[in-house]
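Visitor: Chains as they are written, first to last, in full-length UniProt numbering: chain A, 1 to 548; chain B, 1 to 309.
To be clear, the hints were calculated from the coordinates, so they are not data collected in a lab.
One should not assume that every hint holds.
[To be verified] Far from chain A by the CB rule (all over 10 angstroms, computed), these chain B residues:
id, residue
1, Pro-38
2, Arg-48
3, His-76
4, His-246
5, Leu-248
6, Thr-261
7, Thr-277
[Said to hold, decoys possible] If you want the footprint, here are the derived chain B segments under chain A, 3+ residues with CB under 8 angstroms:
id, stretch
8, 82-88
9, 103-109
10, 126-137
11, 166-179
Keep in mind that this is a model prediction, so the values were computed, not measured.
Think of the CB as a built atom: it goes at the ideal place given N, C-alpha and C, for glycine as much as any other residue.
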Amino acid sequence: MTTTTAPARVPAAAERSGRDDPLVGTGALVRVALRFDRWRILVWAVAVAGMVQVSVDALANVYADPATRAARATLISSPAATALAGPGYGLGDYTLGAMTANEIALWVMLPVAIMAILAVTRHLRAAEEDGRLELVRSAPVGRDAPVVAGLVAAVVATLAVGGLTFLALLSTDLDPVGSAAMCAGVVMVGLVFAGVSAVASQLSSHGRTASSLGMAALGVAFLLRAVGDVRGPESTSVLTWLSPFGWAQATRAYVDERWWPLLIGVAFAALCVAVAFRLVGRRDLGTGLVPERLGRPAARPALAGMAALTLRRQTGAIVSWGIAIVLCGALIGVLAGAIVDFIEDDATLGEMFGSGTDATAGAFALYTMFLAVMAASYVVTGVAAVRHEEVATRGARVLAGPVSRWRWLGTQVGVAGVAGLVIMLVSGLVMGVTAAASLDDPAQVGVLVGAAAVTLPGIACVLGLAVLVYAVAPRLLGVVWAYVAYVGVVGMFGELLPDGSDALSPFTYLPGLPADEMAWSPVVAVTAVAAVLLAAGFAAFRRRDVVG
Amino acid sequence: MSDAIVIRDLVKTFGAKRALDGFDLTVRTGEVHGFLGPNGAGKSTTIRVLLGLLRADSGEVRLLDGDPWQDAVALHRRLAYIPGDVSLWPNLSGGEAIDVLGRLRGGLDPRRRAELVERFELDPRIKGRAYSKGNRQKVALVAALATDAELLLMDEPTSGLDPLMEAVFQDVVREAAAEGRTVLLSSHILAEVEALADRVTIIRQGKAVQSGSLDELRGLTRTTVVAGVRDGATAETALGALPGVHHLRRDDGHVTADVDTAALDEVLAVLPRLGVTSLVAHPPTLEDLFLREYSDELATLGVREGDAR
Numbered sequence: 001m002t003t004t005t006a007p008a009r010v011p012a013a014a015e016r017s018g019r020d021d022p023l024v025g026t027g028a029l030v031r032v033a034l035r036f037d038r039w040r041i042l043v044w045a046v047a048v049a050g051m052v053q054v055s056v057d058a059l060a061n062v063y064a065d066p067a068t069r070a071a072r073a074t075l076i077s078s079p080a081a082t083a084l085a086g087p088g089y090g091l092g093d094y095t096l097g098a099m100t101a102n103e104i105a106l107w108v109m110l111p112v113a114i115m116a117i118l119a120v121t122r123h124l125r126a127a128e129e130d131g132r133l134e135l136v137r138s139a140p141v142g143r144d145a146p147v148v149a150g151l152v153a154a155v156v157a158t159l160a161v162g163g164l165t166f167l168a169l170l171s172t173d174l175d176p177v178g179s180a181a182m183c184a185g186v187v188m189v190g191l192v193f194a195g196v197s198a199v200a201s202q203l204s205s206h207g208r209t210a211s212s213l214g215m216a217a218l219g220v221a222f223l224l225r226a227v228g229d230v231r232g233p234e235s236t237s238v239l240t241w242l243s244p245f246g247w248a249q250a251t252r253a254y255v256d257e258r259w260w261p262l263l264i265g266v267a268f269a270a271l272c273v274a275v276a277f278r279l280v281g282r283r284d285l286g287t288g289l290v291p292e293r294l295g296r297p298a299a300r301p302a303l304a305g306m307a308a309l310t311l312r313r314q315t316g317a318i319v320s321w322g323i324a325i326v327l328c329g330a331l332i333g334v335l336a337g338a339i340v341d342f343i344e345d346d347a348t349l350g351e352m353f354g355s356g357t358d359a360t361a362g363a364f365a366l367y368t369m370f371l372a373v374m375a376a377s378y379v380v381t382g383v384a385a386v387r388h389e390e391v392a393t394r395g396a397r398v399l400a401g402p403v404s405r406w407r408w409l410g411t412q413v414g415v416a417g418v419a420g421l422v423i424m425l426v427s428g429l430v431m432g433v434t435a436a437a438s439l440d441d442p443a444q445v446g447v448l449v450g451a452a453a454v455t456l457p458g459i460a461c462v463l464g465l466a467v468l469v470y471a472v473a474p475r476l477l478g479v480v481w482a483y484v485a486y487v488g489v490v491g492m493f494g495e496l497l498p499d500g501s502d503a504l505s506p507f508t509y510l511p512g513l514p515a516d517e518m519a520w521s522p523v524v525a526v527t528a529v530a531a532v533l534l535a536a537g538f539a540a541f542r543r544r545d546v547v548g
Numbered sequence: 001m002s003d004a005i006v007i008r009d010l011v012k013t014f015g016a017k018r019a020l021d022g023f024d025l026t027v028r029t030g031e032v033h034g035f036l037g038p039n040g041a042g043k044s045t046t047i048r049v050l051l052g053l054l055r056a057d058s059g060e061v062r063l064l065d066g067d068p069w070q071d072a073v074a075l076h077r078r079l080a081y082i083p084g085d086v087s088l089w090p091n092l093s094g095g096e097a098i099d100v101l102g103r104l105r106g107g108l109d110p111r112r113r114a115e116l117v118e119r120f121e122l123d124p125r126i127k128g129r130a131y132s133k134g135n136r137q138k139v140a141l142v143a144a145l146a147t148d149a150e151l152l153l154m155d156e157p158t159s160g161l162d163p164l165m166e167a168v169f170q171d172v173v174r175e176a177a178a179e180g181r182t183v184l185l186s187s188h189i190l191a192e193v194e195a196l197a198d199r200v201t202i203i204r205q206g207k208a209v210q211s212g213s214l215d216e217l218r219g220l221t222r223t224t225v226v227a228g229v230r231d232g233a234t235a236e237t238a239l240g241a242l243p244g245v246h247h248l249r250r251d252d253g254h255v256t257a258d259v260d261t262a263a264l265d266e267v268l269a270v271l272p273r274l275g276v277t278s279l280v281a282h283p284p285t286l287e288d289l290f291l292r293e294y295s296d297e298l299a300t301l302g303v304r305e306g307d308a309r
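Based on the sequences and whatever the hints tell you, model everything.
Guide: See below:
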């Protein structure tokens with residue numbers, strides 16, 4: 001931000017403004033950023049709005065009468081459930097709206113916050129890291145213009161998601177004013193994390209580190225709200241007021257709307273953006289305020305071979321997915337007692353959770369499937385990492401050594417597969433131990449580890465499909481995510497969907513333990529399908545060109 | 001085994017584009033072979049076919065007496081590859097990347113590794129994501145040159161190096177050649193190829209347009225003769241009458257011409273009669289040879305052949 005007077009011979013434009021305008025070129029950069037992001041924004045908006053619409057419809061169907069809603073209110077006010085829901089406004093008269101704001105809003109804000117963090121670090125840091133920003137800044141473009149353009153793109157994405165979600169909610173029976181309050185809260189959370197991420201992007205010189213800092217901030221905000229709401233319902237804890245999620249939920253959407261908590265978030269976002277601009281002005285292009293640490297001059301003896309290399313690259317992902325999935329398992333186990341009491345009081349839910357038999361078993365079968373879909377998601381990220389390794393040409397470097405394609409692909413797929421299966425078994429074990437404690441029934445440990453084990457062939461099938469798609473048409477790997485979403489939806493809502501719509505999910509055929517009888521033939525058959533998919537993938541990869 | 005690499009009539013297409021279109025290449029065992037061509041001519045495609053990363057559509061490819069597609073792993077124990085655009089693992093230091101790549105092939109000679117790190121002035125502690133282009137390239141050079149590979153495949157190995165490191169690189173390649181290793185050196189830097197290569201292949205639009213030793217290639221072309229004479233006009237007329245004299249131009253007391261090898265005798269016979277005050281004759285540089293192969297392309301780009309030098 002130089003304030004020096006312009007020298008005598010300068011172009012007329014600069015002479016008029018008296019000094020260099022840091023915002024020159026912003027308009028053009030905004031157009032480029034939005035063009036770059038248009039499909040991404042559309043997919044996020046449609047996915048989030050669609051998810052909200054489906055969830056609200058499902059809640060409306062399941063909790064059609066006041067009695068079930070009252071039972072639901074009792075369940076949700078337990079500490080463990082509150083941690084994953086909201087401050088619990090309107091529990092006394094738990095309407096569909098109150099339920100939506102209390103239980104769904106958080107799960108809309110989370111993906112929007114993630115989207116904002118990724119969008120800002122992509123525009124502000126990744127572009128600088130790979131040298132694109134240098135090219136842009138060498139053109140007559142002001143220092144702040146790329147930052148403004150990146151932030152505008154993130155804000156547009158946030159508004160698109162919030163706006164489309166609002167339109168989706170208008171199609172339901174919910175009160176439009178409440179929907180406006182909830183969606184405004186969603187947008188506010190997106191803005192806050194865009195701002196936080198803008199600051200993080202100035203601290204580190206690497207996009208990955210910057211987005212990790214943003215994600216860490218997200219985790220802290222999530223925990224503050226969870227602990228706050230557990231300690232003080234209806235936003236009475238100070239901790240809740242330290243979290244953007246708490247501000248958004250404090251609008252009391254659908255219950256008794258108030259708008260001023262949104263202003264806290266907007267002010268905080270503005271403050272973050274101001275700090276980010278100050279930091280941009282103080283640092284050199286390509287650097288971060290926190291210097292890079294040095295590594296080892298030579299590799300430790302253990303860092304030898306494909307497996308060690310893959311583990312070194314993937315440990316972070318394995319650990320973070322593992323912790324998330326195992327924590328879900330623990331939570332389900334802890335909640336088991338409350339869930340069982342609740343389901344046994346309610347005929348509709350008994351129907352949803354299983355056919356006739358013990359309601360506990362039905363609930364655990366459903367939750368085990370949920371954990372399996374999460375483990376399958378991790379496995380797909382493992383295959384996506386293989387593709388990333390190839391596209392970055394590091395695959396070609398390794399394959400130019402005496403490493404066969406089968407070893408290269410097989411080790412990486414093996415690490416992802418084994419990690420996914422171990423995560424699933426550990427989450428089954430943790431779910432079993434916590435359920436044994438909350439139900440006072442030690443037998444649950446063995447039962448739930450067994451239930452988790454039976455889902456493994458299904459996870460292997462998803463892995464096999466991902467490997468086959470990667471081997472045959474690597475660009476289409478994203479389609480596998482759509483498949484995982486399909487498997488998740490038909491697994492969780494299969495009972496509510498038309499017959500036959502779940503025919504393509506491996507989990508449809510596997511016995512849903514502990515609700516179903518154990519049956520070995522489907523387990524063997526699904527394992528065989530997984531083996532065929534993997535074999536076909538490996539054969540195809542042996543035959544195709546590798547990106548060099 | 002006398003030829004390390006033999007390629008005959010190689011075709012590789014990407015969709016409608018014929019990246020290699022009946023390409024031939026022979027690299028003899030123990031030689032440094034220069035591989036020249038502009039961007040998109042097919043150099044990298046050739047090297048990737050040799051590495052078994054790409055599958056040839058048709059034609060014969062022999063590498064160290066093996067099939068690079070079928071016998072990839074066995075052949076890769078005997079060769080090392082240096083790409084032009086090096087991507088390192090972001091969270092591994094340069095030293096770790098060198099060791100990981102070395103251990104995949106059974107380990108590196110630690111003394112040689114240390115010596116190369118020192119000579120290339122590489123700081124091996126820096127993380128892969130933090131290196132500049134030149135330093136990433138040094139990591140790849142150390143990783144490849146510290147092996148005992150008998151064949152080195154280099155695809156523009158010095159595009160990010162400074163002139164000092166370029167000199168170190170040339171020394172190291174000469175040492176490798178002296179040890180009897182075979183080098184295929186694809187490069188844009190003509191002086192580097194001229195300094196190192198025994199033989200050269202020039203590729204154009206997927207075909208080999210020239211191949212041979214530098215002397216052979218020079219023999220096929222012209223020598224540039226610059227003579228200072230008392231009477232420029234007379235000299236211009238006399239020389240202009242001779243067959244095999246090209247691009248004759250006069251600048252005050254100097255005449256310059258490109259002379260076919262067959263016509264050199266006659267030019268030298270005419271010169272004494274013109275009152276020569278100075279005389280310079282030099283063989284065409286590799287740059288001249290290269291640009292001649294691409295003269296029509298230069299013309300379309302609006303560059304005259306003489307100006308390009």
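Visitor: None of the hints should be skipped; say for each whether it holds.
Guide: Hints, one by one, checked against the model:
Listed as a non-interface residue, Pro-38/B keeps its Cβ farther than 10 angstroms from every Cβ of chain A; the least gap is roughly 18 angstroms. Non-interface call for Arg-48/B relative to chain A: violated, since the shortest CB-CB distance, roughly 4 angstroms, does not exceed 10 angstroms. Chain A draws His-76/B into its interface by the beta-carbon criterion, the shortest separation being 4 angstroms against a cut-off of 10 angstroms. At the 10 angstroms boundary, the C-beta of His-246/B stays outside the reach of chain A, the nearest C-beta of that chain being 41 angstroms off.
Non-interface status of Leu-248/B relative to chain A is upheld: no Cβ of that chain comes within 10 angstroms, the nearest being about 44 angstroms off. Listed as a non-interface residue, Thr-261/B keeps its Cβ farther than 10 angstroms from every Cβ of chain A; the least gap is roughly 40 angstroms. At roughly 49 angstroms, the least C-beta separation between Thr-277/B and chain A is larger than 10 angstroms, which holds for a residue marked as non-interface. Coverage of the stretch 82-88 of chain B by chain A holds in this model, with 5 residues showing a Cβ closer than 8 angstroms to a Cβ of that chain against a need of three.
Judged by the Cβ-Cβ criterion of 8 angstroms, the stretch 103-109 of chain B is covered by chain A as claimed, because 4 of its residues qualify and three suffice. Counting residues of the stretch 126-137 of chain B whose CB lies closer than 8 angstroms to any CB of chain A gives 4, which reaches the minimum of 3, so the coverage claim holds. Chain A is given as covering the stretch 166-179 of chain B, and this is violated because 0 residues of the stretch bring a CB closer than 8 angstroms to a CB of that chain, at least three being needed.
Comparing the model with each earlier hint shows violations of hints 2, 3 and 11; every other hint is respected.
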